[in-house]
Amino acid sequence: MIVCVAVIGHQNNPLYLQSFTEADDALKLHHIVHCSLDVVDERVNNPKKSGPTLNETFLGMLYPTENYKVYGYLTNTKVKFLMVTTDLDVKDADVRSFFRRFHAAYVDAVSNPFHVPGKKITSKAFAERVSGTRFPSPTATPRSSLEYCRKHVDSAPYKSSDDASKVSDEELKTWEAEFVKVDQATLFDVILVSISSSSLSLLVALTTLSAYGIFQLLFSEFYC
Amino acid sequence: MGREVAESCVDGVIIEMVSAYCKRFYGTKPELAARRIEAIGYQVGHQLIERYTMERPRFSDHLEAIKFICKDFWSELFKKQIDNLKTNHRGTFVLQDNRFQWLTHISIDPSSDNSEATEDPSVSMPENKAAEATSTHLYFPCGIIRGALSNLGIPCAVSADISNLPACSFVVRVKA
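Note that the protein sequences, when read in sequence, are chains A and B. Quick note: the first sequence, position 14, residue 13 per numbering that gives the first Met the number 0, numbers continuous. Quick note: the second sequence, position 175, residue 174 per numbering that gives the first Met the number 0, numbers continuous.
Since the hints were made in silico from the structure, they are not lab data. Mixed in with the good hints, there may be bad ones.
Stated by the list, open to error - Lysine-lysine pairs mimicking DSSO-like chemistry, simulated, CA-CA at most 27 Å apart:
hint : chain 1 : residue 1 : chain 2 : residue 2
1    : A       : Lys-27    : A       : Lys-90
2    : A       : Lys-123   : A       : Lys-77
3    : B       : Lys-174   : A       : Lys-77
4    : B       : Lys-70    : B       : Lys-174
5    : A       : Lys-77    : B       : Lys-70
6    : B       : Lys-66    : A       : Lys-77
7    : B       : Lys-66    : B       : Lys-78
8    : A       : Lys-27    : A       : Lys-77
9    : B       : Lys-28    : B       : Lys-128
10   : A       : Lys-90    : A       : Lys-68
11   : B       : Lys-174   : B       : Lys-85
12   : A       : Lys-118   : B       : Lys-174
All figures in this text were calculated on a predicted structure; none of them were measured in a lab.
Same shape as in the complex, but just chain B:
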């Protein structure tokens, strides 16, 4: 007896949550909004990893845990796997998703074309604002990854990199 929820509802709730926290609850304090959203993601990741590792034997090292996040965990959440995993074998992992589901509803700002008109530093504002707006939507998945890994016993810091949209990368730095 399973209960089902439409994926678009979940996407909508997450977009609305980000907008509510950034504009209504902490409108004047964007860093606090970011921290709060990340904390929500942390708890969600914490609980989800408990559920998805139920049938599995334990992981023998960090790399196996990260591979589990890339394959099984990501497919449970987004029905696809992480497209590319890079590591420097010294505690840093880069998880690249070429088409991140929660960013598909966000348009990529094409206004970078009018930067040849003036050389004002204020022209770079629209780009920055677009980048900022997009990055607020990535605090939640960063929190999910951080919560999942810390429940597996791997304390880490997770940040998102949006230099080439629609692909986005999550950089995981394991704390030693």
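For reference, chain A alone in the conformation it holds in the complex:
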């Protein structure tokens, strides 16, 4: 779980500092970010230690503390991105892709003509994008969608005999009704996955229908 991200300018001035935990942890995370700036400088200015990856933007893991790991990234314009995470097994590729998306969000925020270079980034859109990139993109199919597919595949051979098929259809309907009674967050994740994998059109229809039901409920709550 990513707990803190930071953008530090080329004069080690903080441009953006955002922590995703409760307030009393935030100060400790800021302190960790501050200390890791030294490690960044050491990594970049010491060619003997870094070897062939001297000019790469991704700096890798800077240092581990007892609960956290800090990853760094240094752009061509000497802006440092730091990421503090509590995950124990983080894949290199995941961190690299996170930093790539973070860099894209940063470039968009800095291209804002009202942004003064060297001052803090105050764009709400940037803050939202950063909070969004924390979660992995829905390319992997969540377990629940696989369950759904498996259930339908298993029920297909039952359609051969009439009595058995009636029972299994009803069972299936109740199972489906239960299936989509999840909380809103996972519901939208499932919708996203089903849209991305276009073969699950039945799943899309079902989830959007139940989402519509939720909206109707919300509207009725709101307007009465």
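Mind docking chain B on chain A? Use the hints.
Structure of chain B alone, referenced to chain A:
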């Protein structure tokens, strides 16, 4: 999902910007107009270099950064590369573009032929005026180059040289 803008619109906006700053906003103070246009170019270059160096590893020295400006940066902006790069290896670089895109709409003044009529110093006025007018259009690209290089950590001064149009050269002097 990309948004596209016609190149001629960008050319038109830049020409109009130069004319607005030189004639309307700072009509009586051409040096201020020049500084303002250059400052706009500085901010644009600052932001553009951030975007175009996103996927690249960092540069190891000044020459690599200048070569990036000549090749990738120039082709992103003008769809062509700088035609000639000269350096004295002591911090001065000359970037020569044989057909600079933003000067293609400006005519080269052929009135230098009537200079044999009189030997008045005022005859050289039309040439000077044409040169001045052309140079006002080059403050913006000078600013872009200066903004791009200073965001890469290379403070410098950039000036334009229009001694043989339509080729124009940008002289970059790196401050030590």
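Hints violated by the structure (listed by number, smallest first) | Failing hints: none at all.
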